[in-house]
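Take the sequences, apply the hints, and build the full model.
Chains A and B, in that order, give the protein sequences.
In terms of numbering that gives the first Met the number 0, the first sequence opens at residue 0 and continues consecutively.
In terms of numbering that gives the first Met the number 0, the second sequence opens at residue 0 and continues consecutively.
Honestly, the hints are just simulated from the structure, not real lab data.
Fair warning: this is a prediction, and the values are worked out from it, not measured in the lab.
For glycine and all other residues, C-beta sits at the position ideal for the given N, C-alpha and C.
Each hint should be verified, as a subset may be incorrect.
In silico DSSO-like pairs for lysine-lysine, Cα to Cα no more than 30 Å straight-line [to be verified]:
hint, chain 1, residue 1, chain 2, residue 2
1, B, Lys495, B, Lys524
2, B, Lys108, A, Lys87
3, B, Lys280, B, Lys359
4, A, Lys87, B, Lys109
5, B, Lys142, B, Lys195
6, B, Lys280, B, Lys95
7, B, Lys70, B, Lys129
8, B, Lys298, B, Lys378
9, B, Lys312, A, Lys73
10, B, Lys312, B, Lys325
11, B, Lys280, B, Lys298
12, B, Lys298, B, Lys221
13, B, Lys108, B, Lys221
14, B, Lys452, A, Lys87
15, B, Lys253, B, Lys178
16, A, Lys87, B, Lys410
17, B, Lys378, B, Lys280
18, B, Lys221, A, Lys87
19, A, Lys87, B, Lys325
20, B, Lys280, B, Lys195
21, B, Lys95, B, Lys253
22, A, Lys87, B, Lys502
23, B, Lys378, B, Lys312
24, B, Lys129, B, Lys287
Pairwise CB distance ranges (calculated) [as the list claims (entries may be wrong)]:
hint, chain 1, residue 1, chain 2, residue 2, range
25, A, Phe133, B, Lys502, 14 to 24 Å
26, A, Asp91, B, Asn27, 33 to 43 Å
27, A, Asp91, B, Asp98, 25 to 35 Å
28, A, Asp162, B, Glu138, 38 to 48 Å
29, B, Asp326, A, Pro98, 57 to 67 Å
30, B, Val331, A, Pro62, 17 to 27 Å
31, A, Thr95, B, Asn27, 27 to 37 Å
32, B, Glu68, A, Leu105, 38 to 48 Å
The lines below spell out each chain.
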Amino acid sequence: MGTFILKRMFSIIPVFLLAALVTTGMIHLSPVDPAEAYLTAAHIQPTDELLEQKRQEFGLDQPFFIQYANSIIKICQLDFGISYVSNKPVWDEVITRIPATIQLALGSILIAILVSVPLGFLAGIKKNSMIDHFSRFLSFIGASIPSFWLGYLFIFFFSVKLDLFPVEGTGTWLHLVLPSVTLALPLIAIYTRLLRASVLENMNEPYVLYARTRGIKEKIIMAKHVLRIAISPMITGLGMNLGKLLTGTIIVEAVFSWPGFGRYFIEAIFNRDIPVIQCYVLIGASLFIISNLLVDVIQMVIDPRISRKVGYKQ
Amino acid sequence: MLILSTILFGCANNKEEVVSSEEKSEKNMLTFAWPRDIGEMNPHVYNPSQLFAQSMVYEPLVSYQEGGELKPHLAESWEISEDGKEYTFHLREGVKFSDGTSFNAEVVKKNFDTVLNHLDMHSWLGFLSKINSTEVVDEYTFKLTLTEAYYPTIQELAVVRPVRFLGEAGFPEDGDTSKGVVEPVGTGPWVLEDYKVDEYAVFKRNEEYWGELPKEEKITVKVIPDAETRVLAFEKGEIDLLYGEGTISLDAFKQLESTENYESSISEPVATRQLVINSKKEQLSDEKVRQALHYAFNKEALVEGVTSGYEEKADYILPTNLPYTKDNGATVIDYDVEKAKSLLDEAGWTLSEGETVREKDGQPLEFELMYDSAEQIQKTMAEVIQSEWAAIGVKLNIVGVELTEQVQRFKDNEFDVNFFSNYGTPYDPHTFLNIVASEGFGFNEAISAYPNKAEILKQIAEVPQTTDEAQRQQLYTSILTSIQEQGALIPISYIKKTAIYQKDVTNFTFPANRDEHPFTNISMK
Numbered sequence: 000m001g002t003f004i005l006k007r008m009f010s011i012i013p014v015f016l017l018a019a020l021v022t023t024g025m026i027h028l029s030p031v032d033p034a035e036a037y038l039t040a041a042h043i044q045p046t047d048e049l050l051e052q053k054r055q056e057f058g059l060d061q062p063f064f065i066q067y068a069n070s071i072i073k074i075c076q077l078d079f080g081i082s083y084v085s086n087k088p089v090w091d092e093v094i095t096r097i098p099a100t101i102q103l104a105l106g107s108i109l110i111a112i113l114v115s116v117p118l119g120f121l122a123g124i125k126k127n128s129m130i131d132h133f134s135r136f137l138s139f140i141g142a143s144i145p146s147f148w149l150g151y152l153f154i155f156f157f158s159v160k161l162d163l164f165p166v167e168g169t170g171t172w173l174h175l176v177l178p179s180v181t182l183a184l185p186l187i188a189i190y191t192r193l194l195r196a197s198v199l200e201n202m203n204e205p206y207v208l209y210a211r212t213r214g215i216k217e218k219i220i221m222a223k224h225v226l227r228i229a230i231s232p233m234i235t236g237l238g239m240n241l242g243k244l245l246t247g248t249i250i251v252e253a254v255f256s257w258p259g260f261g262r263y264f265i266e267a268i269f270n271r272d273i274p275v276i277q278c279y280v281l282i283g284a285s286l287f288i289i290s291n292l293l294v295d296v297i298q299m300v301i302d303p304r305i306s307r308k309v310g311y312k313q
Numbered sequence: 000m001l002i003l004s005t006i007l008f009g010c011a012n013n014k015e016e017v018v019s020s021e022e023k024s025e026k027n028m029l030t031f032a033w034p035r036d037i038g039e040m041n042p043h044v045y046n047p048s049q050l051f052a053q054s055m056v057y058e059p060l061v062s063y064q065e066g067g068e069l070k071p072h073l074a075e076s077w078e079i080s081e082d083g084k085e086y087t088f089h090l091r092e093g094v095k096f097s098d099g100t101s102f103n104a105e106v107v108k109k110n111f112d113t114v115l116n117h118l119d120m121h122s123w124l125g126f127l128s129k130i131n132s133t134e135v136v137d138e139y140t141f142k143l144t145l146t147e148a149y150y151p152t153i154q155e156l157a158v159v160r161p162v163r164f165l166g167e168a169g170f171p172e173d174g175d176t177s178k179g180v181v182e183p184v185g186t187g188p189w190v191l192e193d194y195k196v197d198e199y200a201v202f203k204r205n206e207e208y209w210g211e212l213p214k215e216e217k218i219t220v221k222v223i224p225d226a227e228t229r230v231l232a233f234e235k236g237e238i239d240l241l242y243g244e245g246t247i248s249l250d251a252f253k254q255l256e257s258t259e260n261y262e263s264s265i266s267e268p269v270a271t272r273q274l275v276i277n278s279k280k281e282q283l284s285d286e287k288v289r290q291a292l293h294y295a296f297n298k299e300a301l302v303e304g305v306t307s308g309y310e311e312k313a314d315y316i317l318p319t320n321l322p323y324t325k326d327n328g329a330t331v332i333d334y335d336v337e338k339a340k341s342l343l344d345e346a347g348w349t350l351s352e353g354e355t356v357r358e359k360d361g362q363p364l365e366f367e368l369m370y371d372s373a374e375q376i377q378k379t380m381a382e383v384i385q386s387e388w389a390a391i392g393v394k395l396n397i398v399g400v401e402l403t404e405q406v407q408r409f410k411d412n413e414f415d416v417n418f419f420s421n422y423g424t425p426y427d428p429h430t431f432l433n434i435v436a437s438e439g440f441g442f443n444e445a446i447s448a449y450p451n452k453a454e455i456l457k458q459i460a461e462v463p464q465t466t467d468e469a470q471r472q473q474l475y476t477s478i479l480t481s482i483q484e485q486g487a488l489i490p491i492s493y494i495k496k497t498a499i500y501q502k503d504v505t506n507f508t509f510p511a512n513r514d515e516h517p518f519t520n521i522s523m524k
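Shown next, in the form of structure tokens:
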């Protein structure tokens, strides 16, 4: 497995280089000149002289290849430049906001797992029962309602009318409930259906029949064997849905005034704060790469057949 | 989706009486919501610092009052030399910064010099680039010498940034505040007590304040970026006051107002929403065409319909509550479709049988109106104007663009018709006219077809140097009338601020300065 991880680690490099290429190219594709965006944000009247000076400062007068190489060197040193709006290093601002986003993301993943694993599993083994219908209804809701609208609905009902939770802000675990649930619902929709399908599929596998003939109790077959195997696609889903989680936090953070990374990014878009946008894209890409790797590793641990399939020894 | 919302709202309606508020005001504290973080409390820089917050902590030499009156603030009085170049300020004695140090001419000079060291950043504020020297005459006397007479100096001293005063302890070691301040030490009625980025800021009353003490002990500013969430938090009672321009949608304002559970108020006009018609474009170069466009839409119905009457129909390109704008001589243009049609006929744009668009020499009367796609009011107004103008045979294409692109295209003079609004108090009228006269902002180019353009620009240049009040008024009247009469600028409506507050909030008044905070007089029952 060590070689596998190592090989996968190396495969990160080209993906990362491509992401850096995209973000460097972004500056050239944007209709607004970064030097001008900077000066406008700083409330400075952009004269030709100042624009030229800023372009030099940002290295925009260099050939594209050199800009690209420079940006890679800088990224490796975690230097994402200075925010056009706040005039402070982007990385410093980002790391102060990341913990809040991680808290929210973890909270919602936890809720998603706690709800979708039992629900998907039960819906699978009790096909067409009440619980199956309920899971279908919940998935339908989760997949079809936009997060921001769901967020308003939750605030209106649970905060304004029932007075159970605060409308916005952070501080206590109560503050975390509504945003996490809002963010978790689309995930629950996907995972429940994935798990249900996978359980149904696995119940027809020969190993289940074999276990039954060995006289193993149905409950044990389901819990120890079927669930363990069936959960595998869900983990893949978890990795692949990290993107959904990231875009989800952007909206949820804005609706619930959550002081995280997503909200910082939205403001950056409105202000054309290019260094922040670049940083966000790169962090997003890195998260995808790392989470995919993690998913693969976890899957190998859970289901050793996978590593055998790809030809790596355990 | 529908079922869920029906269930949720259905249940909710049965629980109307549950609306209570657990954190309902700690005694003597007002909670206020704002879309953005207050930013670094630095009096000398711009974004992301929020103007209202800066104005709570830092004070000007002169304050801007209703109707453009300029009152002594940190300066008790001032003298202006005969030639209009020397300004001597007699500072208020006994004023202390929030750390107990004295406010005096030394610290005033230090602040000015710091700002002047970064003139490239501040040159938009006219008087700063005209400062020749700053001088401490004695402990409480400060003198500014300008390179030329510039009458708006006193008015520009009332702005929120960058000419307000930071205490000695706030300056970094090298004295350069452009990179940040050590701590926000000001002379203002409020002191920043507690602050968490992107979450909240708590200001406490400055007990040593030289002026009238605010009634409330604390102001909490909650940062809530989403407008709907602000409304929900207000309905729950977590917020006492929602105030500003566009901080909540007019629909939400109307809905909250209609419940009669809250108090509300609407300010005097703060700026004018205008259409800028680019007379450099061939079809729009004829004054008759521009006038026809002005006659051809029902301004009153438009403003009433789109803003539910929260804005007011505008007759003039600047609100008449600004200095020098009362005697506007421009003809007020009322809705008159027939007049519009005859003007177009006179201009040679005729409508052939069975056609919907007028033509002249085989060219259709067609052009484009650009609006900020994020601004609902502009978008709806654009749609209404499009249909109104279609009725007189004008084909108007409307195009929504991002704000940054709108500004860019306006500056590059790549537009036919555009929305704009002026700066309001304490900047106008002189700042607006300065922009009209400057090249590269869009206006100078937009009035290119005016036969007396050179004369207007000459007058605009002359105004700030005039020391004679009567002559100044005369110049302003002439400039504003001439610009408006020739139709490149069409006033639509006067923009106003809205405020909605809980019933226990009393004495709410809008600040005369568009950028200032409204907290000093407020008290909670």
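We went through each hint and held it up to the structure:
1. A threshold of 30 Å between alpha carbons decides the hint, and for Lys495 (chain B) with Lys524 (chain B) the separation of about 27 Å falls inside it, so the pair holds.
2. For the given pair, Lys108 (chain B) sits about 28 Å from Lys87 (chain A) by alpha-carbon distance, which is consistent with the 30 Å threshold.
3. The hinted pair formed by Lys280 (chain B) and Lys359 (chain B) meets the criterion: a straight-line CA distance of about 15 Å does not exceed 30 Å.
4. For a cut-off of 30 Å, the pair hint linking Lys87 (chain A) to Lys109 (chain B) stands: about 25 Å separates their Cα positions.
5. Note on Lys142 (chain B) and Lys195 (chain B): the hinted pairing is violated, with a Cα-Cα distance of about 39 Å set against a maximum of 30 Å.
6. Distance hint between Lys280 (chain B) and Lys95 (chain B) is unfulfilled; the C-alpha atoms sit about 57 Å from each other, more than 30 Å.
7. Only pairs whose Cα atoms come within 30 Å are accepted, and Lys70 (chain B) paired with Lys129 (chain B) is accepted, the gap being roughly 23 Å.
8. For the suggested pair Lys298 (chain B) and Lys378 (chain B), the alpha carbons sit about 15 Å apart, so the restraint of at most 30 Å is met.
9. For the hint pairing Lys312 (chain B) with Lys73 (chain A), the CA-to-CA distance comes to about 54 Å; that exceeds 30 Å, so the pair is violated.
10. Between the alpha carbons of Lys312 (chain B) and Lys325 (chain B) the distance comes to roughly 16 Å, so the proposed pair stays at or under 30 Å and holds.
11. A distance of roughly 24 Å separates the Cα atoms of Lys280 (chain B) and Lys298 (chain B); the hinted pair therefore holds under the 30 Å criterion.
12. Distance check on the hinted pair: Lys298 (chain B) and Lys221 (chain B) sit about 37 Å apart at the alpha-carbon level, beyond 30 Å; violated.
13. For the suggested pair Lys108 (chain B) and Lys221 (chain B), the alpha carbons sit about 35 Å apart, so the restraint of at most 30 Å is broken.
14. With a CA separation close to 44 Å, the supplied pair Lys452 (chain B) and Lys87 (chain A) exceeds the 30 Å bound.
15. Distance hint between Lys253 (chain B) and Lys178 (chain B) is unfulfilled; the C-alpha atoms sit about 43 Å from each other, more than 30 Å.
16. For the given pair, Lys87 (chain A) sits about 29 Å from Lys410 (chain B) by alpha-carbon distance, which is consistent with the 30 Å threshold.
17. For the given pair, Lys378 (chain B) sits about 23 Å from Lys280 (chain B) by alpha-carbon distance, which is consistent with the 30 Å threshold.
18. About 23 Å separates the Cα atoms of Lys221 (chain B) and Lys87 (chain A), which keeps this hinted pair within 30 Å; it holds.
19. With a C-alpha separation of about 45 Å, the suggested pair Lys87 (chain A) and Lys325 (chain B) falls outside the 30 Å cut-off, and the hint is violated.
20. Simply put, Lys280 (chain B) and Lys195 (chain B) have alpha-carbon atoms about 51 Å apart, too far for the 30 Å limit, and the pair is violated.
21. For a cut-off of 30 Å, the pair hint linking Lys95 (chain B) to Lys253 (chain B) is broken: about 43 Å separates their Cα positions.
22. Distance check on the hinted pair: Lys87 (chain A) and Lys502 (chain B) sit about 41 Å apart at the alpha-carbon level, beyond 30 Å; violated.
23. For the hint pairing Lys378 (chain B) with Lys312 (chain B), the CA-to-CA distance comes to about 17 Å; that is within 30 Å, so the pair holds.
24. A distance of roughly 41 Å separates the Cα atoms of Lys129 (chain B) and Lys287 (chain B); the hinted pair therefore is violated under the 30 Å criterion.
25. Checking the proposed 14 to 24 Å range against Phe133 (chain A) and Lys502 (chain B) shows it is violated: the Cβ atoms sit about 44 Å from each other.
26. A C-beta distance of roughly 36 Å is found between Asp91 (chain A) and Asn27 (chain B), which places it inside the suggested range of 33 to 43 Å.
27. In this structure the hint that Asp91 (chain A) and Asp98 (chain B) lie 25 to 35 Å apart at CB holds, the actual value being about 27 Å.
28. Between Asp162 (chain A) and Glu138 (chain B), the C-beta spacing of about 57 Å breaks the proposed range 38 to 48 Å.
29. Checked against the hint of 57 to 67 Å, the pair Asp326 (chain B) and Pro98 (chain A) passes, with Cβ atoms roughly 59 Å apart.
30. Checked against the given bound of 17 to 27 Å, the beta carbons of Val331 (chain B) and Pro62 (chain A), roughly 59 Å apart, lie outside it.
31. Range check, Thr95 (chain A) to Asn27 (chain B): about 32 Å between beta-carbon atoms, so the 27 to 37 Å window is met.
32. Between Glu68 (chain B) and Leu105 (chain A) the beta carbon distance is about 57 Å. The supplied range of 38 to 48 Å is therefore violated.
Consistency with the previously given hints fails for numbers 5, 6, 9, 12, 13, 14, 15, 19, 20, 21, 22, 24, 25, 28, 30 and 32, ordered from lowest to highest.
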